[in-house]
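Q: Input sequences plus hints: build the corresponding full structure.
The listed protein sequences correspond, in order, to chains A and B.
In terms of the working numbering, the first sequence opens at residue 1 and continues consecutively.
In terms of the working numbering, the second sequence opens at residue 211 and continues consecutively.
All clues given are correct.
Here are some chain B residues pointing at chain A (derived, C-beta under 10 angstroms):
| # | residue |
| --- | --- |
| 1 | GLY358 |
| 2 | GLY359 |
| 3 | VAL360 |
| 4 | PHE361 |
| 5 | ILE365 |
| 6 | ARG369 |
| 7 | VAL371 |
| 8 | ASP374 |
| 9 | GLN376 |
| 10 | ALA377 |
| 11 | TYR378 |
| 12 | LEU409 |
| 13 | VAL417 |
| 14 | VAL419 |
| 15 | ALA421 |
Here are some chain A residues the structure puts well away from chain B; computed CB gaps all over 10 angstroms:
| # | residue |
| --- | --- |
| 16 | THR15 |
| 17 | GLY85 |
| 18 | LYS87 |
| 19 | GLN147 |
| 20 | ARG165 |
Derived from the structure by calculation, the hints contain no laboratory data.
Treat the numbers as computed from the prediction; the structure is a model and nothing was measured.
Even for Gly, the Cβ is constructed at its ideal location relative to N, Cα and C.
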Amino acid sequence: MFRLQGSKVLAVDMTGDAVKAKNGSMVAYDGQMAFKKMSGGGEGIRGMVTRRLTGEQMTVMEVKGHGTCWFADRASEINLVGLQGDKLYVESSNLLATDAGLRTGTSFTGMRGASQGNGLFTTTVEGHGQAAIMSDGPAVVLRVSAQYPLTVDPGAYVAHQGNLRQSFQSGVTFRTLMGEGGGEAFQIRFEGDGLVYVQPSERNTIAGDV
Amino acid sequence: MTFREINSKMVEATVTPGQKLFSQRGAMLAYKGEVSFTPNMSGGQGGIMSMIGRRVANEDTPLMTVEGSGTVLFGHGGHHVQVIGLTGDTLCVEADRLLAFEGTLQQGTMFLGSQGGVMGMVRGQISGQGLFTTTLKGHGAVAVMAHGGVFEIPITPQRPVHVDPQAYVAHHGDVRNKLSTALGWRDMVGRGSGEAFQLELSGSGAVYVQASEEKL
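A: Next comes the structure, spelled out in structure tokens:
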């Protein structure tokens with residue numbers, strides 16, 4: 001059971017089940033807990049190879065036991081996402097914890113990933129259960145529907161879920177090349193039906209510089 | 211209550227004549243009324259011996275005495291501030307996390323080795339707290355700083371609490387602490403879960419934990 005204690009601390013009540021959480025993000029626990037390092041990006045040999053190749057090697061630990069465990073990471077805001085069989089795409093650095101019932105994997109993002117400054121791959125979470133994602137400042141959830149596509153700054157993008165197609169937009173013009181750009185040279189455009197999580201802060205990206 | 215939380219990062223303290231406040235030097239943001247701030251050479255209460263004690267213990271955060279009548283606003287470095295009320299029990303807190311406290315509280319220094327012997331000293335080193343910590347005892351309120359907000363976890367004899375040493379802020383009550391290690395072969399081969407050391411707090415009281423693993 002995931003619950004938020006304030007906006008920056010995640011409390012998980014456990015009764016013998018296990019959760020996966022970012023390495024070293026435990027701040028306190030009571031009861032009996034065991035911590036074991038795991039590796040993100042899928043299980044087994046295939047997962048290991050993918051991780052090595054993609055650089056999405058999120059270090060995850062498995063927490064198992066009875067009691068309450070509290071997680072937090074560098075005072076980031078935490079958002080709970082409930083998944084019912086759908087897929088959540090999130091940057092591995094923004095993923096704090098997932099239920100045991102969720103599978104994590106790696107997927108290719110292409111140009112979008114490069115523009116975010118996060119590399120070409122991203123982490124996917126799928127299954128039934130809850131996940132906790134982190135954002136720098138409270139995230140807003142924006143709904144995308146067929147009539148209303150959404151365009152997001154790559155640096156402010158945190159995660160998305162649902163049936164979304166993403167495309168990469170660039171507004172590079174002659175002015176940008178002359179160093180007179182507006183600082184918004186690249187955007188990600190989401191079309192389809194789903195949710196996009198956006199944080200009120202921008203990571204350092206290539207796009208932010210031009 | 212002398213301290214009133216204005217928002218999560220500022221507290222307002224009411225000062226009345228004859229009542230003293232101690233605060234970290236430079237933590238005053240604004241004040242109303244006739245209030246005087248005197249740097250406190252000895253770094254807190256007590257005589258010259260306490261001062262030497264604190265110097266030796268490296269727990270001598272520069273403090274100032276606040277006196278007069280009026281209201282003072284305190285805040286520091288954009289850190290979250292938590293007001294903790296004490297009713298006769300002892301609060302253990304790192305000196306650099308102290309923002310302000312009432313003069314009615316008795317300040318002291320505790321040697322960590324006295325709690326848990328050698329492991330207590332190891333604990334201090336690992337959590338970056340050093341070998342000594344500051345204690346405040348009596349009736350009054352304390353404003354403590356933390357990165358990213360604090361939450362309180364009650365400790366009961368049946369439910370000991372384990373805390374990440376970096377996220378630990380303060381504790382009060384009749385609490386024993388010891389460093390528990392969960393070092394296994396995995397840590398030796400560099401596959402640790404990052405939670406090799408934990409502070410185990412048992413007894414009855416409460417521990418304050420911050421939502422971050424960063425020191426101040």
